[in-house]
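Please model the complete structure; the sequences and the hints are all you need to start from.
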Amino acid sequence: MGGVRAKVVAAVVAVAAALVLSGCADSADGAGAGRTTLKVRLFGTFGYQEAGLFDKYMAEHPDIKIEYSTIQDSGQYWTALQTSLSTESGLGDVQGIEVSEITDATVNMADSFVDLGPLGANALQNQYYPWKWAQGLTPDGKVLGLGTDIGPEAMCYRRDLFAKAGLPTARADVAALWKNGWDGYVAAGERFKAAGLPGSSWTDTASGMFNAMIGQSPDQYYDASGRLIYDRNPAVANAWAEAMKIAAGGLSARLTQFTPAWNQAFTSGQFATVACPSWMIGFIKGQTGSLANRWDVTTAPGGTGNWGGSYLAVPKASKHQQQAADLAVWLASAPQQVAVFEKTGNFPSNRLAAADPAVRDFSDTYFGDVADPAPIGRIFGDAAGRLPAAVLGARDSVVKDLITKGGITRVEAQGQDPAKSWAKVVRDVTAATG
Amino acid sequence: MGVPSLTRPRVRTEPAAPLRRTLGERLSPYGFIAPFFVLFAAFGLYPLIWTAWDSLHRVELTNLHKSSWVGLSNYTYLIHDRYFWNAFWNTMTLGVVSTVPQLLMALGLAHLLNKRLRAGLFWRVAVLAPYATSVAAVTIVFAELYGRDYGAVNYVLHTLFGIGNVDFVNTKWPGQIAIASIVVWRWTGYNALIYLAAMQTIPVERYEAAAVDGASRWRLFRDVTLPGLRPTILFTIVVSTIGATQLFGEPMLFQGGGPSPELGGSDRQYQTLSMYFYERGFADRHLGRAAAIAWAMFLIVVLFAAAYAYLLRRIRPDGEAGQ
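In order, the protein sequences belong to chains E and F. Just remember that my numbering sits 1 ahead of the position in the first sequence, which is counted from 1. Just remember that my numbering sits 302 ahead of the position in the second sequence, which is counted from 1.
You may find that some hints are simply not true.
What the hints assert, rightly or not - If you want the footprint, here are the derived chain F segments under chain E, 3+ residues with CB under 8 Å:
{"#": "1", "stretch": "360-370"}
{"#": "2", "stretch": "385-393"}
{"#": "3", "stretch": "552-559"}
{"#": "4", "stretch": "562-572"}
{"#": "5", "stretch": "584-590"}
What the hints assert, rightly or not - Under the rule of at most 30 Å between Cα atoms (straight-line distance), these lysine-lysine pairs were calculated in the BS3-like manner:
{"#": "6", "chain 1": "E", "residue 1": "Lys-286", "chain 2": "E", "residue 2": "Lys-57"}
{"#": "7", "chain 1": "E", "residue 1": "Lys-317", "chain 2": "E", "residue 2": "Lys-40"}
{"#": "8", "chain 1": "E", "residue 1": "Lys-143", "chain 2": "E", "residue 2": "Lys-40"}
{"#": "9", "chain 1": "E", "residue 1": "Lys-246", "chain 2": "E", "residue 2": "Lys-425"}
{"#": "10", "chain 1": "E", "residue 1": "Lys-143", "chain 2": "F", "residue 2": "Lys-368"}
{"#": "11", "chain 1": "E", "residue 1": "Lys-401", "chain 2": "E", "residue 2": "Lys-286"}
{"#": "12", "chain 1": "E", "residue 1": "Lys-246", "chain 2": "F", "residue 2": "Lys-474"}
{"#": "13", "chain 1": "F", "residue 1": "Lys-368", "chain 2": "E", "residue 2": "Lys-194"}
{"#": "14", "chain 1": "E", "residue 1": "Lys-344", "chain 2": "E", "residue 2": "Lys-194"}
{"#": "15", "chain 1": "E", "residue 1": "Lys-401", "chain 2": "E", "residue 2": "Lys-320"}
{"#": "16", "chain 1": "F", "residue 1": "Lys-474", "chain 2": "E", "residue 2": "Lys-317"}
{"#": "17", "chain 1": "E", "residue 1": "Lys-320", "chain 2": "F", "residue 2": "Lys-474"}
{"#": "18", "chain 1": "E", "residue 1": "Lys-246", "chain 2": "E", "residue 2": "Lys-180"}
{"#": "19", "chain 1": "E", "residue 1": "Lys-401", "chain 2": "F", "residue 2": "Lys-417"}
{"#": "20", "chain 1": "E", "residue 1": "Lys-317", "chain 2": "E", "residue 2": "Lys-286"}
{"#": "21", "chain 1": "E", "residue 1": "Lys-194", "chain 2": "E", "residue 2": "Lys-320"}
{"#": "22", "chain 1": "E", "residue 1": "Lys-66", "chain 2": "E", "residue 2": "Lys-246"}
{"#": "23", "chain 1": "E", "residue 1": "Lys-165", "chain 2": "E", "residue 2": "Lys-180"}
{"#": "24", "chain 1": "E", "residue 1": "Lys-57", "chain 2": "E", "residue 2": "Lys-425"}
{"#": "25", "chain 1": "E", "residue 1": "Lys-425", "chain 2": "F", "residue 2": "Lys-474"}
{"#": "26", "chain 1": "E", "residue 1": "Lys-165", "chain 2": "E", "residue 2": "Lys-246"}
{"#": "27", "chain 1": "E", "residue 1": "Lys-143", "chain 2": "E", "residue 2": "Lys-317"}
{"#": "28", "chain 1": "E", "residue 1": "Lys-165", "chain 2": "E", "residue 2": "Lys-143"}
{"#": "29", "chain 1": "E", "residue 1": "Lys-421", "chain 2": "F", "residue 2": "Lys-368"}
{"#": "30", "chain 1": "E", "residue 1": "Lys-165", "chain 2": "E", "residue 2": "Lys-286"}
{"#": "31", "chain 1": "E", "residue 1": "Lys-57", "chain 2": "E", "residue 2": "Lys-246"}
{"#": "32", "chain 1": "F", "residue 1": "Lys-474", "chain 2": "E", "residue 2": "Lys-194"}
To be verified - To give an idea of the chain F side of the interface with chain E (calculated C-beta under 8 Å), a few residues:
{"#": "33", "residue": "Asn-472"}
{"#": "34", "residue": "Trp-475"}
{"#": "35", "residue": "Glu-507"}
Honestly, the hints are just simulated from the structure, not real lab data. Built from N, CA and C at the ideal position, the CB exists for glycine as well.
As structure tokens, this is what we get:
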């Protein structure tokens, strides 16, 4: 008896220990009947699922099964992806990477991703905007990220609020308000404020304008050698100064982008303008479904600029690298980028797709007048054609958030002194990147 | 002490008892508690030691295999790090504003529940319901309630007191009080049930004797109920303090989204130690610094626990504390 019990005890301990120490064994590949399962892990709305592209690909490739998942918040997604990469667990076969993190990936994580060039991506090189292609390359020229969309900038505005404030409402006339750039935009904001519409501000937050201005500059937070220059780059100082006019001048609704309060404000008319990269089109329609023809789209102050856009990459940990690359190349090809644009407004990074009449001549009946819908294909296409090749840095997103969410909000919503707030930005960035 | 002294002589007088049997008997209790210790070693002790090791290195989240020895510099950095102390004081003030009202209300609630109530079970389950809800869901609802432009709280403040819209997310004390209210809402019922259980162990005779002496209801509560609850109150204070030191989800989600929630507001006005740990470890990817913060938090909890243990000994001079 005693011996048996001792053995049972020993067995229980051994099993418990084995369970704990072995962790989870690699789960089976999950591909029934010879099908390969490709896990696609993205953030936000890339538009593939929405445009039915995964279903189409599976129909054309009966041997492939696509498992798609997305995390709404790109920051959370990126943190989770880094943890997955460093532990090599929980990775997809295809992963999305946002533009403010692509340089982090190409410089710091090049060893974790496959070179897509020889796996079929090189065939697409000449179709891309050259700067977009270049941003996805590692320092030694491997294709780490294959561009999906870009974020050419425009300005979205509320026609009804403009009319009430006595401002012009036609797209060309509105663009003429800021034909001399962001100063004109701020001046128009002063006029709007003087009209005194209750409950309506000129713009949602100075942070949106700041990001748009930075997106128009070839030099941003880092120089080409990877050194931080945000504190001595005149373009950043200028964008900060303009943003301070909005923040301290009471021209904004003091909202934080991508919060529920901001979402509600689209419908309630709390702001009359919002900096509008192409991906914002789908977002506005999603928030204000019932407000068709109140919003319109026109050229941004400065005429061009890029804010946002993404990449597809294949982690080295993937067991199906060639199949994953095939899928990524297919998704990045012109017909698919056209389909995504038609569904979500995400603007193609593939120039063939951007030149396609379905994109070039696309007018969105949600924006503008019913009789005169906004020609967003032309507006964004023109902006895209003039984009500067921006120098990106490894921690762009961290610097950007510390300036906007930290520095600008402190002035805008907490009434702090701009100079003191900037001093905190510098301290924050030093601590974060040091 | 009674049981072994009874059995020991019997074992000695039976030399035929096989050694293996007594060995099995002696080992089996350890066997039964072993799974806990194996789990603790794997998920408690191992991470603890590994974190200590990491805190002496410069390690980046993106490259775990490359770490360099930096000695205690991650700790000396913390001592001069104003953001660490900011997070420390935020954690302390948030802890006080959430724990004190929470335990006082729990005490009152338990006192009410201890009376004969219609549908008593219903009320007891009802007070526990907030505890069973998820932090994320609760916080998102509260964030809406505390909204600057359309929040119900601002509506009430405005109609009752004529106060203009309070921007809870962007102001320090309103923000901390709002976050504390989430904690209070979730944990008051839980503590109330613990108090209730303890109240029901207080002998009825004490109440009767006091009543015969003509004690008022308040005196009964003060002089009979409260002394009977003392160890329980201390226990809930310890547990709440540990919880408050690790406060994370509520302040993290209170802003409702947007970039860098781990800053705890744009001026770090409600960044707690856990959030600062997250910022350094996962936003800045300095795992070494984050590990040092984690150990500092551990130390703080240990200090609190030691202080409470000392207090506990002081308030129980009657030797009952032996167990």
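Comparing the hints with the structure gives:
no.: 1; hint: 360-370; verdict: holds (count 4)
no.: 2; hint: 385-393; verdict: violated (count 1)
no.: 3; hint: 552-559; verdict: holds (count 3)
no.: 4; hint: 562-572; verdict: holds (count 4)
no.: 5; hint: 584-590; verdict: holds (count 4)
no.: 6; hint: E/Lys-286 x E/Lys-57; verdict: holds, 25 Å
no.: 7; hint: E/Lys-317 x E/Lys-40; verdict: holds, 14 Å
no.: 8; hint: E/Lys-143 x E/Lys-40; verdict: holds, 23 Å
no.: 9; hint: E/Lys-246 x E/Lys-425; verdict: holds, 19 Å
no.: 10; hint: E/Lys-143 x F/Lys-368; verdict: holds, 23 Å
no.: 11; hint: E/Lys-401 x E/Lys-286; verdict: holds, 26 Å
no.: 12; hint: E/Lys-246 x F/Lys-474; verdict: holds, 25 Å
no.: 13; hint: F/Lys-368 x E/Lys-194; verdict: violated, 55 Å
no.: 14; hint: E/Lys-344 x E/Lys-194; verdict: violated, 36 Å
no.: 15; hint: E/Lys-401 x E/Lys-320; verdict: violated, 35 Å
no.: 16; hint: F/Lys-474 x E/Lys-317; verdict: violated, 45 Å
no.: 17; hint: E/Lys-320 x F/Lys-474; verdict: violated, 50 Å
no.: 18; hint: E/Lys-246 x E/Lys-180; verdict: holds, 18 Å
no.: 19; hint: E/Lys-401 x F/Lys-417; verdict: violated, 58 Å
no.: 20; hint: E/Lys-317 x E/Lys-286; verdict: violated, 37 Å
no.: 21; hint: E/Lys-194 x E/Lys-320; verdict: violated, 58 Å
no.: 22; hint: E/Lys-66 x E/Lys-246; verdict: violated, 52 Å
no.: 23; hint: E/Lys-165 x E/Lys-180; verdict: holds, 22 Å
no.: 24; hint: E/Lys-57 x E/Lys-425; verdict: violated, 50 Å
no.: 25; hint: E/Lys-425 x F/Lys-474; verdict: holds, 17 Å
no.: 26; hint: E/Lys-165 x E/Lys-246; verdict: holds, 23 Å
no.: 27; hint: E/Lys-143 x E/Lys-317; verdict: holds, 13 Å
no.: 28; hint: E/Lys-165 x E/Lys-143; verdict: violated, 54 Å
no.: 29; hint: E/Lys-421 x F/Lys-368; verdict: violated, 37 Å
no.: 30; hint: E/Lys-165 x E/Lys-286; verdict: holds, 22 Å
no.: 31; hint: E/Lys-57 x E/Lys-246; verdict: violated, 49 Å
no.: 32; hint: F/Lys-474 x E/Lys-194; verdict: holds, 29 Å
no.: 33; hint: Asn-472; verdict: holds, 4 Å
no.: 34; hint: Trp-475; verdict: violated, 13 Å
no.: 35; hint: Glu-507; verdict: violated, 46 Å
Hints 2, 13, 14, 15, 16, 17, 19, 20, 21, 22, 24, 28, 29, 31, 34, 35, counting from the list given before, are not met by this structure.
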